[in-house]
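Undergrad: What follows is the residue order along each chain.
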Amino acid sequence: MTMAQTSSSGNGRGRPLKRFQWLIEPYLYLSPAIILIALVMLVPLVVGVSYAFQAIDLLDPFTTGWVGLANFEKLWADRLFWKALTNTFWWTLGSLFFQFFLGLGLALLLNKPFAGRGLVQGLVFLPWAVPAFLSGLNWAWLFNPIIGPIPHWLAAMGIMEKPQNILANPDLALWGPIVANIWFGIPFFAITLLAALQSIPRDLYEAAAIDGASLWQSFIKITVPFLAPTIAITVMLRTIWIANFADLIYIMTGGGPANSTHIISSYIFTTAFRRLDFGYASTLAIALLVLLLAYAMLILKMRKHLVKGI
Amino acid sequence: MQKTAFPLGATLRYLAIALYVLFALFPIYWLIKIAVTPDRLIYTEGTQIWPSTFTLDNFVSVLFLTDFLVYFKNSMIVSLGTAFFTTLVATAAGYAFSRFHFRGKAIIIALMLITQMFPLLMIIAPIYKIMAGLRLLDSLTGLIIVYTAFNVPFATFLMQGFFDGIPKDLEEAAMIDGCTRFTALRKVIFPLTLPGLAATLGFIFTAAWSELLFALMLINSDDKMTFPVGLKTFVSKFAVDWGQMMAAGTLALIPSCLFFILIQRFLVKGLTAGAVKG
Chain X
0 MTMAQTSSSG NGRGRPLKRF QWLIEPYLYL SPAIILIALV MLVPLVVGVS
50 YAFQAIDLLD PFTTGWVGLA NFEKLWADRL FWKALTNTFW WTLGSLFFQF
100 FLGLGLALLL NKPFAGRGLV QGLVFLPWAV PAFLSGLNWA WLFNPIIGPI
150 PHWLAAMGIM EKPQNILANP DLALWGPIVA NIWFGIPFFA ITLLAALQSI
200 PRDLYEAAAI DGASLWQSFI KITVPFLAPT IAITVMLRTI WIANFADLIY
250 IMTGGGPANS THIISSYIFT TAFRRLDFGY ASTLAIALLV LLLAYAMLIL
300 KMRKHLVKGI
Chain D
0 MQKTAFPLGA TLRYLAIALY VLFALFPIYW LIKIAVTPDR LIYTEGTQIW
50 PSTFTLDNFV SVLFLTDFLV YFKNSMIVSL GTAFFTTLVA TAAGYAFSRF
100 HFRGKAIIIA LMLITQMFPL LMIIAPIYKI MAGLRLLDSL TGLIIVYTAF
150 NVPFATFLMQ GFFDGIPKDL EEAAMIDGCT RFTALRKVIF PLTLPGLAAT
200 LGFIFTAAWS ELLFALMLIN SDDKMTFPVG LKTFVSKFAV DWGQMMAAGT
250 LALIPSCLFF ILIQRFLVKG LTAGAVKG
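Chain order of the listed sequences is X and D.
One point on numbering: in numbering that gives the first Met the number 0, the residue at position 70 of the first sequence is 69, and numbering is uninterrupted.
One point on numbering: in numbering that gives the first Met the number 0, the residue at position 261 of the second sequence is 260, and numbering is uninterrupted.
Calculated directly from the structure, the hints in this document are not laboratory data.
Every residue, glycine too, gets a C-beta built ideally from N, C-alpha and C.
Mixed in with the good hints there might be a few duds.
Rough simulated footprint, nothing fancy, chain X against chain D, three-plus residues with beta-carbon under 8 Å [to be verified]:
(1) 11-24
(2) 65-72
(3) 112-118
(4) 143-150
(5) 155-161
(6) 207-220
Each computed DSSO-like pair below joins lysine-lysine, with the alpha-carbon atoms no more than 30 Å apart [claimed, not checked]:
(7) X:K17 - D:K167
(8) D:K104 - X:K300
(9) X:K303 - D:K104
(10) X:K220 - X:K111
(11) X:K73 - D:K128
(12) D:K231 - X:K111
(13) D:K128 - D:K231
(14) X:K220 - X:K303
A few chain D residues that don't get close to chain X, going by computed Cβ distances all over 10 Å [to be verified]:
(15) D56
(16) F58
(17) I122
(18) D137
Turn these sequences into a full structure, and let the hints steer you where they fit.
TA: This is how it looks when you write it as structure tokens:
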């Protein structure tokens with residue numbers, strides 16, 4: 000590279016024109032993003048919030064009107080909502096736990112050179128390229144004893160008495176979409192963590208090796224602290240994304256059998272698109288939003304702490 | 000720094016890698032297998048690892064007897080458009096977050112985080128009304144605008160992370176040499192963020208490629224349908240014509256897979272120590 004190091008340290012911020020430019024510059028970089036997000040997401044969000052306090056039935060536009068907190072009273076008494084809330088917790092935790100640790104393992108494996116690494120990397124990241132709609136159908140088939148192999152394997156291993164579809168069992172059905180979600184989400188964590196791993200300066204490892212540090216010590220003292228901020232933000236965004244991710248559940252079980260697999264977001268979808276009850280759907284959405292906001296605040300606090308720690 | 004691994008360690012590593020590959024590929028293999036299984040054999044040989052005879056009939060009927068090619072073209076336009084505009088907007092925003100301290104930064108970050116948190120289903124009706132007002136209903140342009148807005152916040156945080164990994168000294172040195180900040184960004188920083196850009200493009204492309212809900216809501220006419228919406232019409236129209244659906248699905252995988260093969264080169268290269276050292 001041709002970056003001659005000069006000893007000049009003048010930054011020119013004293014001159015008025017330069018100073019003005021320096022002040023507005025960040026906003027110039029940000030303005031397309033801000034305008035787009037405001038118009039397409041924030042304005043509709045405010046409108047959407049107002050729906051929670053209204054009766055809005057798309058099939059019957061003439062009974063639309065303000066109903067105060069009636070939708071929230073209905074929510075409190077709705078047993079399906081509480082069931083969906085519990086399911087949201089297990090769905091998110093189960094998916095995230097395995098996605099993260101399997102993704103981290105994959106990133107660490109791929110971070111070291113080996114023969115055929117390029118090919119392997121391309122292959123293991125493929126699930127991410129499979130559209131969610133298709134993944135859902137595909138896994139539903141794999142769990143189907145008529146057409147898929149998984150029930151037969153489970154029966155052969157003695158885990159199941161005879162080949163059955165776990166998607167038809169209210170006690171186990173949620174694990175179907177969770178497995179599909181793990182498959183689908185490992186590449187996300189692997190790619191993000193691998194990119195973060197590769198941005199760690201090599202000098203640090205070289206210096207550590209010269210000082211006689213073991214691989215494990217390098218991992219704990221260099222890799223983990225460097226990854227921590229990335230991990231915090233990725234896990235946070237991913238948790239929220241998974242909690243909102245209704246596609247797999249909607250396609251694989253439709254919330255069934257007997258409403259046993261609804262998470263809040265798939266319940267919102269059903270309410271909005273099957274019953275066309277936009278008011279109650281927005282109420283459910285607000286409940287989910289409040290929970291996720293509280294969670295995000297917690298993680299952001301932790302991230303600040305971690306960044307400070309370095 | 001590379002130590003000679005124990006033979007046992009190396010074996011375990013390769014075993015782990017093989018398991019990952021198997022887990023990743025098996026469902027895709029199954030999809031293709033169903034697609035080439037003749038219809039009359041699906042229920043008798045469905046659980047076999049390979050059918051006794053195989054056929055390309057499903058592919059032929061999907062390609063020539065349905066609107067598949069139209070859906071395919073529409074999805075291509077929408078996904079490429081979304082990936083391009085999202086990455087452009089998010090790179091600028093991520094750079095601003097990474098390099099500047101300015102009034103309102105915390106508020107803007109908070110607003111962006113909020114967009115990542117609320118369930119998107121919440122805004123499907125308001126967006127429908129706004130797009131109707133802008134005469135962007137039933138148009139691919141409308142879909143690109145909506146998808147771009149949805150993906151910008153995440154892509155921005157991703158790009159910010161990549162910029163944070165690049166030492167500030169690099170562009171400061173270039174600016175001292177007389178470059179404007181924008182030139183420094185373009186000539187010095189941009190080449191270093193290529194892995195990040197590639198990852199971002201890949202994420203956004205695949206996200207747009209598989210989005211179903213808003214496409215269903217905003218598009219009505221057959222000639223504007225994107226791929227997931229088209230697949231959904233397969234389900235409703237042909238009830239359980241699984242062979243055709245899986246054939247269509249297999250074909251839909253091709254662009255995503257090609258895209259990944261292209262970008263993984265950048266991921267492998269990564270940010271090398273050499274580039275930063277100069």
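Undergrad: Give a verdict on every hint.
TA: How the hints compare with the structure:
1. 11-24: With 9 residues closer than 8 Å to chain X, the region 11-24 of chain D meets the three-residue bar; holds.
2. 65-72: violated (count 0)
3. 112-118: The restraint on the region 112-118 of chain D holds, since 7 of its residues have a Cβ under 8 Å from chain X and three suffice.
4. 143-150: n = 5 at 8 Å, threshold three: holds.
5. 155-161: holds (count 5)
6. 207-220: Result for this restraint: holds, n = 4.
7. X:K17 - D:K167: Holds, at about 20 Å.
8. D:K104 - X:K300: holds, 17 Å
9. X:K303 - D:K104: Given that 30 Å is the threshold and the Cα spacing comes to 16 Å, the pair holds.
10. X:K220 - X:K111: The given pair, whose Cα atoms are some 18 Å apart, holds under the 30 Å limit.
11. X:K73 - D:K128: Answer holds: X:K73 to D:K128 is near 27 Å, not above 30 Å.
12. D:K231 - X:K111: violated, 42 Å
13. D:K128 - D:K231: holds, 24 Å
14. X:K220 - X:K303: The hint holds at about 19 Å.
15. D56: About 18 Å separates D:D56 from the closest Cβ of chain X, which puts it past 10 Å; holds.
16. F58: Non-interface label on D:F58 holds, nearest chain X Cβ at 16 Å vs cutoff 10 Å.
17. I122: Violated, since 4 Å does not exceed 10 Å.
18. D137: holds, 17 Å
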